[in-house]
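> Two chains, each in its own frame: build the complex with the hints.
First to last, the sequence lines map onto chains G and A.
All residue numbers in the first sequence are consecutive under our numbering, ending with 490.
All residue numbers in the second sequence are consecutive under our numbering, ending with 103.
The set of hints was computed from the structure by calculation and includes no laboratory data.
Do not take every clue at face value.
[Claimed, not checked] A short list of chain G residues far from chain A (calculated; beta carbon distances all over 12 Å):
{"id": "1", "residue": "GLY28"}
{"id": "2", "residue": "ASN51"}
{"id": "3", "residue": "PRO77"}
{"id": "4", "residue": "SER119"}
{"id": "5", "residue": "ASN175"}
{"id": "6", "residue": "GLY279"}
{"id": "7", "residue": "ASP351"}
{"id": "8", "residue": "GLY422"}
[Stated by the list, open to error] Okay, the calculated beta carbon distance ranges per label pair:
{"id": "9", "chain 1": "A", "residue 1": "ARG74", "chain 2": "G", "residue 2": "LYS420", "range": "36 to 44 Å"}
{"id": "10", "chain 1": "G", "residue 1": "SER292", "chain 2": "A", "residue 2": "ARG12", "range": "32 to 40 Å"}
{"id": "11", "chain 1": "A", "residue 1": "GLU59", "chain 2": "G", "residue 2": "LYS264", "range": "56 to 64 Å"}
{"id": "12", "chain 1": "G", "residue 1": "ALA347", "chain 2": "A", "residue 2": "THR6", "range": "28 to 36 Å"}
Backbone N, C-alpha and C define an ideal beta-carbon position, used for all residues, glycine too.
The residues making up each chain are set out below.
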Amino acid sequence: MQSDATTTESFVGRPKTLAELRAAIASGQTKSADLAAEYYQRIEQKNPRLNVYLSLTKERALEQAARVDAAAAKGDPLGPLAGIPVGIKDVLVMKGAPATAGSKILKGYQPPYDATAVSRLEAAGAVLLGKLNCDEFAMGSSNENSAYGPVRNPVAPDRVPGGSSGGSAAAVAANMAVATLGTDTGGSIRQPASFCGVVGVLPTYGRVSRYGLIAFASSLDRIGPFAANVRDAATLLGAIAGHDPSDATSSPAPVPDYAAESDKPAEGLRIGVPAEYFGEGLDPEVRAAIESGIDSLRAAGCTIQPISLPTTKYAIPTYYLVATAEASANLARFDGVRYGYRSPSSATLSDMYRHSRDEGFGAEVKRRILLGTYALSAGYYDAYYLKAQQVRRLLAEEFLRAFAQVDAIVTPTSPIPPFKLGEKTGDPLAMYLADIYTVTASLAGISGVSVPCGATKAGLPVGMQVLASHLQEGTAFRVARAVEAAQGRG
Amino acid sequence: MTARVTVEDVERVAELANLELTPEESGTMLHDLNAILDHVAHLNELDTTGVTPLAQVGELSGAGGVSVLRSDERRPSLDRSLVMQQAPETDQAFFKVPKVIER
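Just chain A, with the same shape it has in the complex (with noise of 0.2 Å):
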């Protein structure tokens, strides 16, 4: 966990991500990783063993009760006309983007 970050875990991080960073940028993402991530290393001085991790506060107790699903019925959705006004391209039925396959 004290493990440090390179360069190069950046580059595959941010491929992971969908992220393109100048190299500039994974420079200063770099050191300000590293940084966190030395300070996120005090976690180590806890012993965690047997603790469930807490995913949702809902299931603790008094908290407010966990999720409640509603009931599964059909209901109108918003128009597709609404929704295609907001897109970058479309021909009204899709958006449209660049070409995924070379044929």
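Isolated chain G (complex conformation) (with noise of 0.2 Å):
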């Protein structure tokens, strides 16, 4: 790293936007390289108190920052995110880097190759800083279930950032990356989003590949972007979006340009409120947010209908049967045989399976697992995974049938504030209801946008989730700038 921060532009007040960070870049007034040290810098200031990154890659993200310097030299042409510094959740493989997934029996791995929408990322000209912190395989809505620690709210330090992607989230709210990307199960882009008061995108079932991401449960994983606002967010997913041969599962629909789509009024649009995320278990401050968020779409031009989503009640058991299912199946590779953890002393194949699992996966992994293996086993496999399946299609099917008359859904994204770490780790039934307005969304497939709306008096962010239909990430771009313009934010 070549030279100190006071080089580059500082950030006083508003970070600069991605647009603006790139356009200083190809312009040669900032210097990629100087940025991503100012970067760097800034994450060994705050890294120990808020353990937002698990390993950092700096000799291979100095090296793209050379590139794109180069480039920007010669007068080549730039990539949409030249230069801009960004994180990886740490389920994502890059190559040179370890990959964790936040859990002890990966420790040590270090895969030989990058998944698609990291490689993706880099194709588009970004800098990529490090892997970031999140809970154990993905798993949880806290980030308390990290073997390497929680990850600290930067908003109110004794509270969590949420989870699973509480380091992507955080590290965009502490300005430790311009923008990250997290994965998204059940709601672990949207509700850490809406804790650290950043926006987070759930894309589409299909848009983004999944090659190279760490399985959790394959029906429901997506990768998505984390930025400091909405645009640069939908920049993020123009670039990791699109069909890959090697997830067969990607959809080959084009991509249209997301950020030009996010620059389209909502005026016009008609917005669906659901009676059933506004009942019993809302916290009051949230839903003050919310209806004030959703006063200013009026005021934007939109349409505000209400609407009813009843099978929204049967959500959570119907998602951690699915999940967990898939999950026991997807779990069962990490045995200590090809890769990360094993246990130092086994007689037997089998007791070396049974240590290395048990000795390198957590309380809440096992107690998934657990519940997979037992929804899957003979006798239970119709009452539980085959009835979870069916009532996924009805909640699917009810999705479809509002968004034949409204354009967007808009709801609160957490029914609680971000709560104090240790607050709820008691009790993970308590920590599952609480992923209630965020699992139904991951089961239709549909897309949805975290975007910041206001706050409790305590000053802890509040988000609203606003929900569109299968590839209509643009209308709910389109609504969440609304949203943040009228926060005077974005």
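Here's what the structure looks like:
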């Protein structure tokens, strides 16, 4: 790292947007290498307290920054993310960096390849700073299940950042990256975005290739961006979306210019407000913030319509059966044979499997493997797994019917504001129940955004969830931009 | 579907999943699984007779299309030495594991 941060534009007040930074890099006013150095300096200063990054990839980042600077100096065409410092959730593999998935069982694993989302970011010019902390195998809603310690919420460091992509959300909130990638299986992008006061995007299932993502629940897992504002997040999604021959579930649908889509006014859009997301269990201050956000959408020229999604109350049990069943199968591969942790002293192969898994997995991962194995076991398959898949169809069809009447649906992202570290770790079911507003879109495969929408009296961030139908991310971005504008952000 | 899980069930499932639980862990898991399954029992309220299970959202109309398979062509895979570098124990050609068969 060749220079100190004072040589670049310092971040006074609002950090620069991605487009502003890219323009400064393209013109040579800011060197990508200096920007990366500035971010590494901030990481060094803040990480001991916040525990956001698990590892840094300085060599790779500075090589990429040098390439971008050389291209800018020559006047060569630059990618949409040229020189932008980006962090990666540590469930995505990146060649040359450890991949832990927040678990001890992958300790020491250095994957020999890049995830498609990672290589696409780099092809678009992004400078990849390092790997971000998360709940073990992305299982959790508070980041307290990481084997490497919890992330602290930069807005309120005695509180959780949300999970499982807690590091990805906190990195953006603390300006330890301009943008990040996270993953969302039941709310793991949207809920931490809400808790940390940043924007998080749930792309349609299949919109972003899952190749190189350490799998949790394959029919639900999605990769999506975090950023400080909607337009930056839309720009990132444009860079990572699109068909990939390495993921048979990735959609062949063309990728729109999401940033341009987000520039379109929200005026005239029909917004559904489902009664089921404003009932018992919703914190009154969260409710007030969301209702005020809905008022601002009305003021922006949207039509607000009450709607009903009655199957919502069955979403949590459905989600936890489907997700744990798939997890129990996916996590069978961690057995101490090919990579990661192997228990040192086992006389037989079978003992080695058991000891490695017992010592390598944390309590929440074991709980979910057991629940999933139970739901798939002989005699219970029809009553649990099959039943859940049937309810999943009812939930998805209910959303499709709603989207015949409205363009987008708005709800709170989480029923509660960020809670204190340790406050909910003793009651797994209570932690699951708090995912009520996010698991529905996960099961239906539809798209969504969590956008900052006010705060509680104590200053804790509140996020609004904007849902749109399959492949309609552009509509969700337009609505989120209007909410953001009303907050004086973005 | 409202059957209570017993400690024997927990141990059986743990064995199926290749997990070894301490007696203390088994007790905690027993409590948690029953609490979760009691909540799951609400699904019984819904009549799902004749509803086709949904395994993949790609099959829904407008959801981006069903799985697209790539053409079946030979292509290089990862170099063996790169893969073996990650193995806990290897002779560079194979993964080494404790003895499977006594002789």
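> All the hints need checking, so say for each whether the structure fits it.
So, going through the hints one by one against the coordinates:
Once the 12 Å rule is applied to beta carbons, GLY28 of chain G is consistent with being away from chain A; the minimum gap is 38 Å. Every CB of chain A lies more than 12 Å from the CB of ASN51 of chain G, the least distance being 26 Å, so the non-interface label holds. Every C-beta of chain A lies more than 12 Å from that of PRO77 of chain G, the closest at about 29 Å, which supports listing it as non-interface. At roughly 15 Å, the least C-beta separation between SER119 of chain G and chain A is larger than 12 Å, which holds for a residue marked as non-interface.
At roughly 34 Å from the closest C-beta of chain A, the C-beta of ASN175 of chain G stays outside 12 Å, upholding its exclusion from the interface. Once the 12 Å rule is applied to beta carbons, GLY279 of chain G is consistent with being away from chain A; the minimum gap is 15 Å. Non-interface status of ASP351 of chain G relative to chain A is broken: a Cβ of that chain comes within 12 Å, the nearest being about 7 Å off. Non-interface status of GLY422 of chain G relative to chain A is upheld: no Cβ of that chain comes within 12 Å, the nearest being about 17 Å off.
Distance hint check: the CB atoms of ARG74 of chain A and LYS420 of chain G are about 56 Å apart, inconsistent with the given range 36 to 44 Å. Our hint of 32 to 40 Å for SER292 of chain G and ARG12 of chain A is violated, since their Cβ atoms are close to 52 Å apart. Between GLU59 of chain A and LYS264 of chain G the Cβ separation comes to about 30 Å, which falls outside the hinted range of 56 to 64 Å. Checking the proposed 28 to 36 Å range against ALA347 of chain G and THR6 of chain A shows it holds: the Cβ atoms sit about 30 Å from each other.
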